[in-house]
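The lines below spell out each chain.
There are 2 protein chains.
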Amino acid sequence: MKRIFEIDPWKVVTHKLSKEDKRLQESITAIGNDYMGIRGNFEEGYSGDSLQGTYLAGVWFPDKTRVGWWKNGYPEYFGKSINAPSFIGIGITINGERLDLNQVDFSDFVLSLDMHQGLLTRSFIYHGQDCDVKFEFRRFLHIAQKQAALINVKATVIKGHAKIEFDSTLDGNVVNEDSNYEEHFWLPINEDKTQRTIQVKTKENPYGVPQFTVLLKESLRHDGRVIAGEVTSQTASLSEKVAIELDENQSYELEKDIVVITSRDVAADKQEQAASELMDQLQAKSFEENLSYHTKIWQERWQQSDIEIVGDPAAQQGIRFNILQLFMTYYGEDKRLNVGPKGFTGEKYGGATYWDTEAFIVPMYLAITKPEVTKALLQYRHDQLKGAYHNAAQQGLAGALFPMVTFNGIECHNEWEITFEEIHRNADIPFAIYQYTNYTGDESYVKDEGMDVLVGTARFWADRVHYSKWRKKYVIHGVTGPNEYENNVNNNWFTNTMARWLLKYTLDRLPKATKAAQERVNVSDEEKEHWQDIVDNIYLGEDEDLGIFLQQDDFLDKDIRPVSTIPEDQRPLNQHWSWDKILRSPFIKQADVLQGIYFLNDQYTKEQKEKNFDFYEPLTVHESSLSPSIHSVLAAELGKKQKAVELYERTARLDLDNYNNDTSDGLHITSMSGSWLAIVQGFAGMRYSNNQLSFKPFIPDNWDQYSFKINYRDRLIEVYVNHEETKITLLEGQDLEISVNKQKVMLKEGEAECLKD
Amino acid sequence: MKRIFEIDPWKVVTHKLSKEDKRLQESITAIGNDYMGIRGNFEEGYSGDSLQGTYLAGVWFPDKTRVGWWKNGYPEYFGKSINAPSFIGIGITINGERLDLNQVDFSDFVLSLDMHQGLLTRSFIYHGQDCDVKFEFRRFLHIAQKQAALINVKATVIKGHAKIEFDSTLDGNVVNEDSNYEEHFWLPINEDKTQRTIQVKTKENPYGVPQFTVLLKESLRHDGRVIAGEVTSQTASLSEKVAIELDENQSYELEKDIVVITSRDVAADKQEQAASELMDQLQAKSFEENLSYHTKIWQERWQQSDIEIVGDPAAQQGIRFNILQLFMTYYGEDKRLNVGPKGFTGEKYGGATYWDTEAFIVPMYLAITKPEVTKALLQYRHDQLKGAYHNAAQQGLAGALFPMVTFNGIECHNEWEITFEEIHRNADIPFAIYQYTNYTGDESYVKDEGMDVLVGTARFWADRVHYSKWRKKYVIHGVTGPNEYENNVNNNWFTNTMARWLLKYTLDRLPKATKAAQERVNVSDEEKEHWQDIVDNIYLGEDEDLGIFLQQDDFLDKDIRPVSTIPEDQRPLNQHWSWDKILRSPFIKQADVLQGIYFLNDQYTKEQKEKNFDFYEPLTVHESSLSPSIHSVLAAELGKKQKAVELYERTARLDLDNYNNDTSDGLHITSMSGSWLAIVQGFAGMRYSNNQLSFKPFIPDNWDQYSFKINYRDRLIEVYVNHEETKITLLEGQDLEISVNKQKVMLKEGEAECLKD
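If you read the sequences in order, they're chains F and Z. When we follow the working numbering, the leftmost residue of the first sequence carries the number 1, and every step to the right adds one. When we follow the working numbering, the leftmost residue of the second sequence carries the number 1001, and every step to the right adds one.
Simulated from the structure, these hints should not be mistaken for lab results. Remember, predicted model here, so these are calculated numbers, not experimental data. Cβ atoms here follow ideal geometry from the backbone N, Cα and C, with glycine treated the same way. Incorrect hints may have been included.
As the list claims (entries may be wrong) - Here are some, though not all, of the chain F residues that point toward chain Z, as calculated from beta-carbon distances under 7 Å: (1) 66; (2) 70; (3) 71; (4) 477; (5) 579; (6) 584; (7) 691.
Said to hold, decoys possible - Some, not all, of what chain F presents toward chain Z, calculated at C-beta under 7 Å: (8) 46; (9) 415; (10) 468; (11) 470; (12) 475; (13) 553; (14) 578.
To be verified - Quick list of in silico lysine-lysine cross-link-like pairs, DSBU-like style, CA-CA up to 30 Å: (15) Z:1606 x F:469; (16) F:581 x Z:1071; (17) F:348 x Z:1071; (18) Z:1064 x F:71; (19) Z:1504 x F:581.
Could you build all of it, start to finish, from the sequences and the hints given here?
Rendered as structure tokens:
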């Protein structure tokens, strides 16, 4: 745990340059606009330890899979969102000295991410041999005009006289830190000194993945007018130099406008013209006008989605930071995209799509964005069904297997214990169809396209189980559950349970599907009988004495002992223990049995929930960022308020407090929804099943009040909770009967229902 | 299965150049002298598909481990015997045309490995536009003067007139096919045109592994006299050209003598002088004289170790080929070396040491070489104990863990399911101490140095087991047994059994150890009690109804069905099935439970052996080259003669018939001992326990007779078996009482004991 930014309700701010934690600082000050994103690198460059990162949504490269020993069925490539050309560069020289905060003398450093505006600012006073100069940077990625980035730097001479040279650059000579043998992924195409553009293209690949072409254009302004510096170019890079001289108290403001066009939207030969037009549009407004337009949209988003917490500024900052970063990564505006575990903030996990989206993002986005956003996420998987059929065939199995890691539906992860075995994803991903249908009441998707997904995955499961003559049950061998600290186990309860759920839900929905869908999927009676037989006879491990579900065969054979018995200096385990020791230990990375109880919440009794929680949570090290939130929700449901709050704190400030000591690699974007889930499903106890929305709220002791809004079936509902009462207001929409603390409450538009505790 | 060489008792010969199977042909015609080895590449070069390979024993490079996802405890490097500078090159041009059998017209091709002499010969007639020339090549690696290689090429003009240019080369610009990103491992140091030497050095590495320097020297002779060609050099290579002209019926013989010195024996700055001296010694004899000296030593080896089979030339050829290749790889003359799975015949498995040596090589070498050879193999592991302690510490465990793959004792394999889990090796390797002691009767090793190995590994096992409160037994979780088609299983019967054996044997031997050894290992009473408790209470899975030992927990939960149910076109599984499908199937790669029954043969009843064999063998696909031989020995013991013979045939001609369709990568050196085991332990039923040597021979129906010799406690014994009788002769040594078919027989020197069937 390490906190390098100060507590503030609407800002992530620090007054110290943390040289030893520069990468951490860069991760936390990353910004994005769900089209592109950049880490908090410095415009003027930085010679100390740093991870440079610029990422363009949907622009990726299939890097050759390298493994020690090849296994049949491995994917040929590992896809990664590659580091894109860097466009923020504004090198600065003052009276001949290169500005580099790792080298020069400076004071009054402030670095701040304004969450209300999605704006990154930075200022400091440079102390040179013969002058002091204050620098103020502002930058944002335009949330409406997504191809645009705007940077404003202001220099003010505090003392002496300064000759300042700005060197604005576009640089395509970038590499990924994680590339094999420092390989470059970009080929230069063109540098145009007149147009101030560079154009690059991803390398060829033998896998049929399209090459991406990207054009970047820059333009400098001063006092609202375009200025022309001295332009030079080298392969895949461009530099534009502007020199000024300032006396004491004089200042100069330089604006760098950037446009980034990719071949995902505009063909390579049309990119230059498109960039010119966009630049003209952008520059029709001043920096300040663009910023206020951008800010207005952010305000609208916050209006719908903010969670206000009074009495605990750290918790307040945490939840806002998470909502901001999620929205900077994905807002459903491009249906070809999804949410990578690190968003645009680092290289790890390659920027690809994981099951995190369906399990952790969907329930939050259902409630705080329009249904179309979630439907776009469902559509994304439907569009990739062809890849899912390919993945199943790679393993010699029938039906469709959604990938663990993908850009296009084809699996590109290369560990057998994950690729081949972490197949619970193939029920979790379709589970989003149930969630969508259940929450929105909109049956159109599950009746038609959703059926393709359900039947494709059902066929996979029906082939993947086998009948054990010895046990007289269907079993599932050789899987990895959500708890990835176990590999290649048999009868993982969660996997078996979700496979059963998938088959049952598919059988339930099939008769209600459209005729077209039924014809398309063409399920025979024999198939249906077989699926029903699996539903009726799948093995689900249980220990009656303990009253628990068994995470897997042999689990009780382990040396069962609580996490509290591990010496503190051996945590997190994944940084201290060998893989062998981790695998053999009873310790659990993230919710596994409890993930099933969370998903299928209405199927289990309170006693079942309690016994499983009390058995498994003490064994859980929460070393996945996806873990604490699920446990927090269940703890809240079980009245374990202190535990719920403790786990909430861990998920809400996971990155701000660098809880897992790995935020320097990038933010844990997909788990950021966890803090929202912990508040809304946990503290406020929101559930929805059988067309009934319900709440069972409580408030953490140290909070004064909290409130949030949700969209529910064309209504906007506000929930406000303090220590005396819960107030639920139907802000917009038709009357609705809901349940609060198991009592029916009728909501009427514009009226607040107060429920005293 | 593919047979490209003809059947012959003492030759591996073909009259056809198999262009489509060139790599296979190269593997089978590889030669070595347990100091170095070369694949059957052509001296004049070959433009078609080919795997060039030259290997120097003990010369290796630690290549950086590349994995998709790093696990704690992984080794930093993967060691490999790298492709050494090639010294066989003699480019040939005839009237301006480059001789390349992939391009030119030729006839009368003969390629032959003379097993009696360890000599490779090749001849053919080249048909040019205006001439026909016969070429005859001979080459061998000198078995007495190990740094020397000799090549003789004779050109005879059959028709027309030929201007022939020979271009003899030394070439250090070689790469491994399996190197990451085509990396070169050699750095040039020097080329000396006068001395006709090149000197190269392995690249630096960050792992503290020494760099190896190698010097190669060549000298050309004609008619016994050194001749001087035109020498040129380039970086890391040298070329010496000799041009001649021949009229019809004229011939010319060119001899290329090569000396190869490595820094394992001679420091870099002394190599040139050493090479000159060795070359002088070599050239004091003619090619024919050197060859007859070399042949004489091979004859002596054969005299001791040949197995003669009358009536089945294919079987005869197979066993001789295996003995030849084993002896060309290792004969115990350099105690720093061991036996790599591919010997000097390919890159796969990196030329490192595996548990194959102890499990498969030791029992054969014990019987056919002097005890010192096997003792050298034991000493090799003792010398690497430091690495073994390091390996255990890497996993956070006590004691010593011998590596799966190594050059220096430090593990360098990078799959968690092998590196961390295939730990049965840590009992199999010490089992060789028992085998040595039991066979030779020499207790000196186990009493002293052997105790360091036993106690080190015992301490590992005592820490690696854990007590299951649920099962009330010691258990071993997370292992991979010899059957590598299962990973991360619990309570693998073989592993548990061998761990128990190791602890028991250590406890048995400890009181008899030397005082010095006892003080060195310093085992406390508490430790001994704990070990005894594990011996008494370790879980060994059994199914009483079936009367079998359980390969692992949950094994019976599988879809058990015999190998005969797999369609023929899906075999071998490892080339047709995904890893997922293989892992979940009941099919067994190589002996697992049965390996334990083989090792601890005298501990099980015939009924136990029979039930386990009848249950497991039908599930076994024998896709490890180590598999058929063990099954053949057990089948023979159980009177399943047909099965024993069928499995023998698979092991004896595994490479000659390319049974597993992978001999193109190199020969299966360590499993070659299997055919010897199948004859001696299987057909002849040789066993030794409690100081008693015994036989229970039978003869395959289609053989007329077979005979072999063994060394046993300073005696040389010949065993001869035909369909009427078994004849056992004590050729040398003191009288000995043995058991044949459970009857006591007293052997007297020089007398043959005949036992009628």
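Name the hints, by number, that the structure is in violation of.
2, 7 and 8
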